[in-house]
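Undergrad: Each chain, written out:
Protein chains: 2
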Amino acid sequence: MAGMTETPHPLYDRHAETLTRALTAITERGYWSAYPESPSPRVYGETAAADGRAAFEAYLNGDFPLDQAGDGQTVATEVSPFGVELNVRYPHATVDQLVAAATAALPAWRDAGPQARVGVCLEILDRLHKNVFELANAVQFTSGQAFVMAFQAGGAHALDRALEAIAYAYAEMTRHPGTAGWEKPAGKGDPLRMSKTFHVVPRGVALVIGCNTFPTWNSYPGLFASLATGNPVVVKPHPRAVLPLAITVKYARQVLAEAGFDPNLVQLAPEAADEKLASTLALHPAVKIVDFTGSSEYGDWLEANARQAAVYTEKAGLNTVVIDSTDDFAGMCRNLGFTLALYSGQMCTTSQNLLIPRGGIETDQGHKSFDEVAAGIAAAVGKLTADPARGVEFTGAIVNDGVLERLEEVAKVGEVVLESRTVEHPTFPAAVVRTPTIVKLDATDTATYSREWFGPISFAIATNSTAHSLEILRSTVGEKGALTAGVYATDESVLDAAETAAIEVGVHLSCNLTGGVFVNQSAAFSDFHGSGANAAANSALTDGAYVANRFRIVQSRRHV
Amino acid sequence: MAGMTETPHPLYDRHAETLTRALTAITERGYWSAYPESPSPRVYGETAAADGRAAFEAYLNGDFPLDQAGDGQTVATEVSPFGVELNVRYPHATVDQLVAAATAALPAWRDAGPQARVGVCLEILDRLHKNVFELANAVQFTSGQAFVMAFQAGGAHALDRALEAIAYAYAEMTRHPGTAGWEKPAGKGDPLRMSKTFHVVPRGVALVIGCNTFPTWNSYPGLFASLATGNPVVVKPHPRAVLPLAITVKYARQVLAEAGFDPNLVQLAPEAADEKLASTLALHPAVKIVDFTGSSEYGDWLEANARQAAVYTEKAGLNTVVIDSTDDFAGMCRNLGFTLALYSGQMCTTSQNLLIPRGGIETDQGHKSFDEVAAGIAAAVGKLTADPARGVEFTGAIVNDGVLERLEEVAKVGEVVLESRTVEHPTFPAAVVRTPTIVKLDATDTATYSREWFGPISFAIATNSTAHSLEILRSTVGEKGALTAGVYATDESVLDAAETAAIEVGVHLSCNLTGGVFVNQSAAFSDFHGSGANAAANSALTDGAYVANRFRIVQSRRHV
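Residue numbers (my numbering), protein chains in the order written: chain A, 1 to 560; chain B, 561 to 1120.
Since the hints were derived computationally from the structure, they do not count as laboratory data.
Treat each hint with caution, since some may be false.
Taking lysine to aspartate or glutamate and the EDC-like style, the derived pairs with C-alpha atoms no more than 16 Å apart in a straight line are [unchecked claim]: (1) K412(A) <-> D445(A); (2) K744(B) <-> E28(A); (3) K184(A) <-> E588(B); (4) K440(A) <-> E419(A).
All chains, full assembly: derive it from the sequences and hints.
TA: Here's what the structure looks like:
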């Protein structure tokens, strides 16, 4: 009977221990990681870095090897923020080709059952991990992230998030048994006896729309949550960050084919210029799941228009830090400075609005005026970025011209506390590198700070008091959403008030970060990324709600 | 810290055993029930039935006692299918009053935490169960169900479904801990240590829109799933079935107040004629969850328009039975006859389209022609309804004039195999009672059978073959959806083919039902009601997906 029996799958057996550990991790939400984040040769071997770099370079100026049906066209749309010529040509397919191939692949994948699917997914992660340096190079040169960050966020951490999504998917698919007996007492007569079969049935074709800045990290949870729950996945990369997902699709197809499944369960959908491929795919009646990371405008459009699908979005917001007081002024400045400098603030989690009482704050170094607080943070950023060779390893490169335009625009909206500088990259002379800027605003400048200025742009905003800061947090994040919020305060009652405000506007809160944890970073298996409780995202990566509606249970029953 | 601590709640302790048993039941999906379905005095005591009847009658021709803020108006909109004058006057409130009161009640309920909320919800079920005869009378005289059915479906089974929803909600809210330690190794240095708090945060005000036929059974899962997860609930009953939900709200408010919570966590929203209250409430920005049972037209409207809310709908469909062969012809006819007669087919799960090969079928009684199969089922219905006194205990009364109009209309669309009869109710002379009709159609009469004819109306449809029947199942259910499907076949390969078709169109399948289980009935804790995988419903009552998105997790973290 279709989907009824499930024989142990060798790939499931191979990865059962990893899965078990991941299943524990998602219930404990403590620290755990399956994929080492250090690119050190001691961890990955002496030749791994060079091999990965060579594998990456072998793709450049050539046709990307993908055994996928297409229309014969190729597309090459990538422009590296590091100024490196990529010119990788990807085979193009039509929407009809993609949907037809995905649809044809669905039944056997559905009928293989949760264990086989999860086994294959875990093998794909394993394959990607074996090629993580190749992946990291692709992320670096398309996103503009510095190498170590690309290795971590784009490689190890992305794989952790994928594993987390697979674990949730497995838990959700197996929370009910595949079959159950039902025996209802019937007074003095024989009981009524039924046997019931519960099929895990995928929704249909799943679409993943990737972004430019985090092509893997932001795509993997949706990709693997959909795939593990039985849905064929069409991966539509950002035109400027195709390679990391092309590599992902290549290895996924390799594993699928080796395991005897249709490789078209994972397809790449690179788009030609102005093709609007994402929109066409998202509205296709066969597409039943859409995962998207990117602008609020497009995310809102998808939610409003892709009505035939379950749509999971991560959009823009107003990440905010409330600064009330601190017992470690230097640590606070260092910590915030790192957050602002990392990847030139081009993270959906980077703090934009720093709310500081205009009368200043109390610290372990005595009272600090508003200007001293702003200057302290600016100095921390300055220190990280002063030396170009060291600085570019934090900032990476600027992902696109939109960021540069905003940097020009923002210099005119208020007093510049920290000027953005152009830095020449010591290794890649054509790289576009800019250091962060901090601009002073007043609480009354609502129109300026209540929009997102994506990039290395933050505002030091003078408020009347911490209570006023919390009011601004409530109103701005309440309206526009946010992925992160922070608070610095020595008084528990202030931390409590901040936490209540964060709960009310549904934003995750980091309190008094002064060490090696940063408000813009979330740890897989422990931190939730996004809450789904405000306008910045309609879901979290990853939790039960993120996976539970990617499949449905269809049951059958009969007398025993 | 808001929502951080959770002290054991006495009501949680009181019902912990029931909850534990329910949590086991939802993972096993075997037989279990918490609320006895037999209204026998041996179960409920000698006076329970009379007391419940008296309590019900005390509401008639009076002001319903509800301590809720309102606008001073009262509404009385109910018309009993049994012809009994109800004339219960309910206090009316404006949308603003309802939303304001619900919003004010939210924070303390949110901060009480999962255990306290679930304890209170279970105490509400207990209170309703103590008054289940009162509830059953209210369901009977508003829906038109016969008493025993009203007691079971409207009382005991509705409470079981509520408990099931609460169990899923509890499991989902507690699958992550409230707090977690996080300790990340940092080479030779001290590990990074954080403590994290995970708050369960409700989405906002929840709206439950009740239906006329199953005012409690279809409303309870959403009501209690929303309430348990922290959302204040506004209950908007169908204008013709207010009393069962008014009683529900009354006891819920009683329990909430006794437990020290704001009774406005559960409010009744009875509507005045032509007020369009459901629509106004559903579009209110504060309303973040909508549960609805009713017409496809309105359900689709809600899904398309209540965009600020998570919308859970159960709508109409084309419930279908494929008849291929049987080794128990008499049992098959009896079983289907019961399904068609029960509550005059006014269930969202009643079979409408009976697909029978025009060449007839093989049975234990030899070959039966198409007409003999149709006649066999018709005879079974006839037998159940022949005696008016006995018949009305199956059929109950007709819920509204729309059903009567369809009965007139359907007599003209094909050859009538079984005529609908008007029956005089022996106890309630003004009751509107009709027996089921069966009309013969051909597979080519697509326009007729591919719409829902809600009421005691079924079609015996002549198809070319069972393969053709399955094709029709695929196309009609694929397009319009269905909540139930059945198949009769002696050959495993036919059962397999039917199961594959059912999986593809996402409909639950009952195979070869010939005894005391019926295709139109689902058992709480075991059967899923609706699949969420076709057009008849976008969700199932109840599963993980039904509860997981009614709250969000908002976290905070700090250094240890």
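Undergrad: Check each numbered hint from earlier against the structure, then list the numbers of those it violates in ascending order.
TA: none
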